[in-house]
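Could you slot chains Z, U and L with the ligands onto chain P? The hints should help.
What follows is the residue order along each chain.
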Amino acid sequence: MNAQTQITEVTPSGETREMSYAEAIRDAMAIALDRDPTVVLMGEDIGTYGGAFQVTLDLIDRYGPDRVMDTPISELGGAGVAVGAALTGLKPIFEFQFSDFAALAMEQIVNQAAKLRYMLGGEAAVPVVFRMPAGSGTGAAAQHSQSFEAWFGHVPGLKVVQPSTPEDAKGLLLAALADPDPVIVFEHKLLYKMKGQVPTGYYTTPIGKAAIRRTGSDVTIVASAIMVHRALEAAAKLAEEGIEVEVIDLRSVRPIDRDTIIASVKKTGKLLCVYEGVRTLGVGAEISALIAESEAFDYLDAPIQRLGGAEAPIPYNPDLERAAVPQKADIETVARRLAKGEV
Amino acid sequence: MNAQTQITEVTPSGETREMSYAEAIRDAMAIALDRDPTVVLMGEDIGTYGGAFQVTLDLIDRYGPDRVMDTPISELGGAGVAVGAALTGLKPIFEFQFSDFAALAMEQIVNQAAKLRYMLGGEAAVPVVFRMPAGSGTGAAAQHSQSFEAWFGHVPGLKVVQPSTPEDAKGLLLAALADPDPVIVFEHKLLYKMKGQVPTGYYTTPIGKAAIRRTGSDVTIVASAIMVHRALEAAAKLAEEGIEVEVIDLRSVRPIDRDTIIASVKKTGKLLCVYEGVRTLGVGAEISALIAESEAFDYLDAPIQRLGGAEAPIPYNPDLERAAVPQKADIETVARRLAKGEV
Amino acid sequence: MIVQDNIPFAIRHFAPAQLREALRKMHLIRLFEEGAEESYMRGLIHGTMHLSIGQEASAVATCMELTDADKITSTHRGHGHCIAKGADVGRMFAEFFGKETGYCHGRGGSMHIADVKTGNLGANGIVGGGLPIAVGAALTAKRLGRDDVTVCFFGDGANNEGAFHEALNMAAIWKLPVIFVCENNKYGMSTPATYATAVPNIADRAAAYSMPGVTVDGNDFSAVAEALHIAIARARAGEGPSLVENLTYRWRGHSKSDRNRYRTKDEIEDWMSRDPIARFRAELIAHGVLDAAGAEAVEAEAKQAVADGVEFAKASPAPGIADVTKFVHAEEAA
Amino acid sequence: MIVQDNIPFAIRHFAPAQLREALRKMHLIRLFEEGAEESYMRGLIHGTMHLSIGQEASAVATCMELTDADKITSTHRGHGHCIAKGADVGRMFAEFFGKETGYCHGRGGSMHIADVKTGNLGANGIVGGGLPIAVGAALTAKRLGRDDVTVCFFGDGANNEGAFHEALNMAAIWKLPVIFVCENNKYGMSTPATYATAVPNIADRAAAYSMPGVTVDGNDFSAVAEALHIAIARARAGEGPSLVENLTYRWRGHSKSDRNRYRTKDEIEDWMSRDPIARFRAELIAHGVLDAAGAEAVEAEAKQAVADGVEFAKASPAPGIADVTKFVHAEEAA
Ligand SMILES: Cc1ncc(C[n+]2csc(CCOP(=O)(O)OP(=O)(O)O)c2C)c(N)n1
Ligand SMILES: Cc1ncc(C[n+]2csc(CCOP(=O)(O)OP(=O)(O)O)c2C)c(N)n1
Ligand SMILES: [Mg+2]
Ligand SMILES: [Mg+2]
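Residue numbers (this note's numbering), protein chains in the order written: chain P, 124 to 466; chain Z, 124 to 466; chain U, 284 to 617; chain L, 284 to 617.
These are calculated hints, taken from the structure and not from any lab test.
Please note that the accuracy of each hint is not assured.
[Claimed, not checked] Calculated pairs, DMTMM-like style, for lysine to aspartate or glutamate (alpha carbon to alpha carbon, straight line, at most 25 Å):
no.	chain 1	residue 1	chain 2	residue 2
1	U	K539	U	E321
2	U	K597	P	D442
3	L	K425	P	D442
4	P	K389	Z	E367
[Stated by the list, open to error] Quick list of simulated restraints, FRET-style, between CB atoms:
no.	chain 1	residue 1	chain 2	residue 2	range
5	L	E321	Z	A359	37 to 43 Å
6	U	G521	Z	R445	52 to 58 Å
7	P	G464	Z	R381	19 to 25 Å
8	P	D157	L	E320	52 to 58 Å
9	U	P483	Z	D181	18 to 24 Å
Glycine is no exception: its CB is placed at the ideal position from the N, C-alpha and C atoms.
Bound-form chain P, shown alone (with noise of 0.2 Å):
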């Protein structure tokens, strides 16, 4: 392949499509290939097998073996051969298998990705793309089923995603790619199938803004990946009662979007967290962190509420493993309480 780096601009055509989740996520990756000679997609079974989630299915048939790249069973590897390709001028957009083998290559993530800008004094740049299918519902047990979104939401020099819909999905992974600096895609396993309506063309959606997916005035929900989906049902369900919950998409874990997020609690003056990580030291205890010590907090009426992953590894059994984590029934009766004054 011949060098080649400047930057084919695609025009937004203006227009939407009906996609899912996964087809977002590879027309963006598509574009990206397209647009930039530069990006390359790295991973495990990602070539031929489509990869484990079929997010990539056919690219490597379009692309080539070249810039769809079947990495070896070699997670640490094969994230810092990223990261150089990175430091180097590729832009690889790196997918782990399943978000819990991250934890074999947390090195390279933190101590390398993260921090080189950092530690060469602004002398390199590192503009990886780690995808990361995270989540629990697929009955794939304690060790496929993880969400580590707090985790790198804890280290400086990363940014970390959460997209919730597929339109989001494909805006937020071309933010990422333009970023200069290493950013975390969370995707939820049991989001690649949702469909929506996703723009046709190039777009980026703004890392570090939330969204608000539905207005309220009497509690508001601030809710990350699929729980938002959850957290809309219940509010759906709980307008009928007359109780008006705001939703609020969380998108960005880091950098958080403290704004919009005061804003509401000082509309609402009560504030529920959902989301799926363990709840102690998950995304959740930050959002009531940050709340607690803001300006919000004259406004709250009562204690910040909390609903996140039990105090346990994922459970295989399918009864357990719903019990595990929040469902629309567990939302909706904590919201509920929270509104009539009950908490």
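Here is chains Z, U and L with the ligands on its own, set in the frame of chain P:
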């Protein structure tokens, strides 16, 4: 070596002796090696070298290389060997040379050690202890100065402690070893030389209990590791101004001693969390959140304050390095403003 | 012992009852996995699973000389190892059905199937996860002066994990009683070993750890048993670890979601024609260990065990959701 | 070229000016590190550092044929690599003194010293951390159709990290232009390679990745240069990676806190008698590249550079503490 599985009882003498934090840890290990033939120490350069921080010092001379095992520079594998050994009858104490290198071993600690009992439905146990020298202040820059306690605190199946005194360093290590489940012990590098009175003989300090290091009625400070000492210094200073600060030494990140913290905040109405780890999603986020959701919420007279590490890797330059984590003056300032109702 | 060259090692070395039991276990593995497949189709099992159909000789021959005191660490493709090591298929089905009577009380499922009492320290959802754990188990045996050995199963894909390197190196420098058994079924998921691994045979890598490495036909029961016999003797004698590579093939897809775009029909059929069970069975008959009727009876026994196992599992109670945090910590420490 | 057997490769291969420059760099490394040691004693440098005194031939000869377009990844013991690759000692001292004019603007210090413009992607505080990064750099060159190569320095201790295995395997299967240069100084901190590594020579492990591996006298400038010449040619020709092992020795302790309980005085003195700089210098004089006065002049030049460097560093401004979060992200994205 012969199989010999009974534990020799060592009676606590009721006496104390002045020891440094490092000596206290060494004393705990020597006692453990004496009383239980299944205890082994593992780690890089813990033998002849005596450990990077001279914590194991001469233990190899006293117990030989079968009990004090130098491991190759293989953190993932070494931690995994410790897990496998614990699963089958040994009680390993595995020293990471710097806690930063645990980033290489998250797989074995989090995916294996923390989950094995659960995944196997209670049919297995992993009584391993991981010792982690942590924290900044030694001029060792970004890859040798991190504070990862929030990561491990987020993981069910682990227990995580942070002793701040020689007495606790010994007692918590012995408690960790007596615990049937994996325990992570964060030792702060700047504390190794700190001296204090330490009971001689065998004793354990319960995991999961905070310690009130100073009582006060105006402000509660929950601090961990070295921050306990900085908070105490700040409190002493503020006492001269008539501000009475209660200083709680968190000691255990997982489980967290909710009761002690809640009781204190109910008394003072004001909470400041001080920790060295990165502010966002650090230990203080959890403490803030647990108060904001508890019955102590109604007693809060001011927003909950957090002082944590800067949103940056730890820099090399000494002035920058100091600026990157809370110092006594920072604590003093925030606690004063909190006490005076200025936040 | 007089070596009779035309008689395979296994026939010479093991008593007829042992060989019969080996055949029974091979059938049991095959039938268990077929039963699991069917149960999956019928919605009794959720999640995913990785079938080892076609690899039965590797599992059973490897475990042939192991006692319950000996340990194994297994993989995501671990049903065969589990049965070979002596597990009860009823409790295995119960686990797959998520029941309280399962080996992991319904918490683990296929990917964490274990049977600590028979020395199976567990399947592992992390490729390569069991490698250092096996070394740790061997360290325990050595430190406590026991003579048990640990067999560490892993795949060709796993051999490219850093854990492989670190584990083999430590086992070697400490001369630990562990045998690394690579089940090279030519693919790690969809990725050919010829692409992902820089050496032709995984066993070639043994030299990097100064340990013996041997590649055998993993569908030849006797060849595997003989390689393990040598490696186990070496381990028990305190001479250290070995690497044995069993060349084999999985007939099914990688997991339940495999579209199988990376293997040809021809290749699969070729390997199916080398069925390790049929081959072993014929060998036993040829050497007079069993007659055809005896072999039928063995298979029937296995069939019955599977049928009984499914019934046991179906009839077993599921855990209550209130117990979601049970087993996170030891009861007394909870 | 007519090979004259009695003339060392380096003398045959390089122009006198290049050889003179190599000697200068070797002196510069030695003097720089002695200067750093002194500055440390005088409290101008905090933290710790790892000196490579005694290993200068390995650093300089390895980088002999590299251009600024070629990359290196370095280690915690990286001052020599940095200077060999072309860095300015003034900016290095400034970095060690924590100054804004330092290569890392005072944020990195000794353990992260880097000079991206001369192709040095940085020292690394994580043992083995640079191994996969080097492979990534080589991947970039290959994908972008450039012919630059990457040299990956690592120590004997690092070779037992999983990252070593994963990196070498990927470099091999993708035939990437990377040369793995192991500086085997017999110890990883206090741990002898003979204890920690299951093979006698690190280069023996090259076979596990089907790549050439060679062990050379790392204190023999010419031997190292020749091994690299072959490996670099192979890399530039698209034939893939190589492993070169330079046997050498560090005269100083591992770091500033080493009590040196694991090496004998005899061993250290024996190695000091094999000073790579004196050896190379004598060689240059013997082959008429320089005369004694010329060599003195080279050394004097290096001395002056060090003295000037210290002054530059001392006079440089420190970063302001308000900038503690500067450089976490790109300015425009901050
Ligand atoms: C660390 C890790 N990486 C990736 C995976 C996903 N995965 C599960 S099995 C598998 C292939 C393993 O190949 P191999 O070791 O040859 O075993 P086989 O499946 O062929 O029996 C992969 C990539 C995983 N479970 N763990
Ligand atoms: C992952 C990791 N483990 C351990 C250390 C601590 N450490 C720093 S240098 C070193 C020894 C490295 O030995 P070697 O690779 O031979 O390099 P040398 O110091 O001999 O040049 C160790 C153990 C580290 N920095 N990183
Ligand atoms: Mg395989
Ligand atoms: Mg060394």
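These are the hints, each one checked on the structure:
no. : hint                        : verdict
1   : U:K539 - U:E321             : holds (12 Å)
2   : U:K597 - P:D442             : holds (16 Å)
3   : L:K425 - P:D442             : violated (50 Å)
4   : P:K389 - Z:E367             : violated (32 Å)
5   : L:E321 - Z:A359: 37 to 43 Å : holds (40 Å)
6   : U:G521 - Z:R445: 52 to 58 Å : holds (54 Å)
7   : P:G464 - Z:R381: 19 to 25 Å : holds (23 Å)
8   : P:D157 - L:E320: 52 to 58 Å : holds (54 Å)
9   : U:P483 - Z:D181: 18 to 24 Å : violated (49 Å)
Violated hints for the displayed structure, listed by number in ascending order: 3, 4, 9.
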